[in-house]
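**Student:** The chain contents come next:
Protein chains: 2
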Amino acid sequence: MAEQQRAYQIGYQPNQVRHHEWRTAENSAEQLIPVLRERAEKNPKLTLLDVGSGSGTIATSLAKYIPEGTVIATDLSDDIMKRAEELAREAGITNVTFEQADAYHLPFPDEFFDVVHTSQMLIHMDEPQNAIKELVRVAKRGGVVSCREGDLPLMVYWPEIPAQQRFQRLAVTLHDLTAGKSTCGRRLVGLALKAGVKRDQIQASWHTWCYSSPEEREIISATFSDRLKAGSWGKGMLEHGLATEVEIQEMIDAWQEWKESEDANMAVPSCAILIFK
Amino acid sequence: MAEQQRAYQIGYQPNQVRHHEWRTAENSAEQLIPVLRERAEKNPKLTLLDVGSGSGTIATSLAKYIPEGTVIATDLSDDIMKRAEELAREAGITNVTFEQADAYHLPFPDEFFDVVHTSQMLIHMDEPQNAIKELVRVAKRGGVVSCREGDLPLMVYWPEIPAQQRFQRLAVTLHDLTAGKSTCGRRLVGLALKAGVKRDQIQASWHTWCYSSPEEREIISATFSDRLKAGSWGKGMLEHGLATEVEIQEMIDAWQEWKESEDANMAVPSCAILIFK
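Going line by line, the protein sequences match chains A and B. The letter at position 229 of the first sequence is residue 229 when you use UniProt numbering, and the numbering goes up by one with no holes. The letter at position 245 of the second sequence is residue 245 when you use UniProt numbering, and the numbering goes up by one with no holes.
If you are wondering where the hints come from, they were derived from the structure by calculation, not from laboratory data. All C-beta atoms in this analysis are idealised placements derived from N, C-alpha and C, irrespective of residue type, glycine included. Any given hint might turn out to be false.
[To be verified] Simulated coverage check for chain B against chain A, where a stretch passes if three residues somewhere in it have a Cβ under 8 Å from a Cβ of chain A:
hint, region
1, 188-200
2, 206-217
3, 264-273
Between the sequences and the hints, there should be enough to build the whole structure, so can you do that?
**Tutor:** What follows is the structure, encoded as structure tokens:
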């Protein structure tokens, strides 16, 4: 398959962006924080590259750990980079800059950054191992590359609401039809090996988002309902003949029912790897 | 069903015990550590109860956070309590005592402990909500109860080795036939509600063990192969007609193949709740 990065399939509807902007270093890059702290102590002027940063909330929260360092955040979408700039300005973060870039062909020389980070990007790519190769290329010798990727079939919902269970199966099917591999998380160590990394350079861990409190239920239900209603999921399911409009409405209703369930719980596991170059 | 605690089905073979003894507060009770630290600062003489503590490595590592406090650890098995005592002595931990007890009928008065903890116990019980009720009963007002439970269908393996995938399905089936509910993790918030806890007293999170490095693969593969070879899983699968001896050997061989796979990864998600009484 041609090595070309496609636009992010999910898109940037308001509730989608809100779901992204909930993400911070603390809830989405825990694997990197101790390493970042330790290295920043030795070298406060660390350089960090965040690839596929979307609205950049992880990049700006990583930037707080290296106030004397420099963060460059990239994304394929120019529009979302503007939003990211605005958010960073609002947050008063001045050591991060944003620029449009293709993750397969990063506009940086070899061995340029102390730390290279990506989160929930490889899962949307056709050739994730080539993107990892590129992340490793721009990391300095002695530097670290941090990747964290979901594994959609592992997402789980309680209570069991039939139309939401159907939604879960279809979301996986649609991802596999239109984006990268839904099982990216479990494959991540293997992908790094394919990118030429040695096993003893890799440290793997798993991290799982939880949606259970009323606030958490509200945020995830709004995001996922919007992806069904106006976003790429609804459209994609119709286009690929996976669901009818009536069935899509049933799934949206199921999300509403789930949101109102006091015993609700949803787990979203991701695998993280640190690559020590 | 009669409210009676049954013996722990998995048993205590050497590699099983080794797998248990790998567990510490840091890898198996992260949800509790910040709360414990904060409360120990205000009251160094905290009392902590660990229920279903097995060989007690989590209890003894929790005890380190409250050196002036007192930890009591209980388990249904008298034998494993002796092993736990020995391990605590070897580790030089003096503020923990072990005693045999039934989790459904704890031999302690109401509102006795500042902190009550359990890990991977409710998943083995017929009436987990009644055990939660009992954990909450012995916690002081203003105290905290911490539970963490697996969710076996969410366990995932890479690469996909057919006999290991079959093993995964059968392990879930066998658990549901002979122990508690394999989906205990996702149900945990609901179980606490059934035990009479209010939703706003509950804080939920998910935590996922990772087995991927050669050392991690060695430890989990030895444990699970032993459960198949000499332990309760092999026996149970035969007794319930789930697998033949030949098929069990194929599963053991699959574990060996997985252990030797450089790209191997296994995720074991658990849900944790903190109940603020």
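**Student:** Each hint: holds or not?
**Tutor:** Each hint, compared with the structure:
no.	hint	verdict
1	188-200	holds (count 5)
2	206-217	holds (count 8)
3	264-273	holds (count 5)
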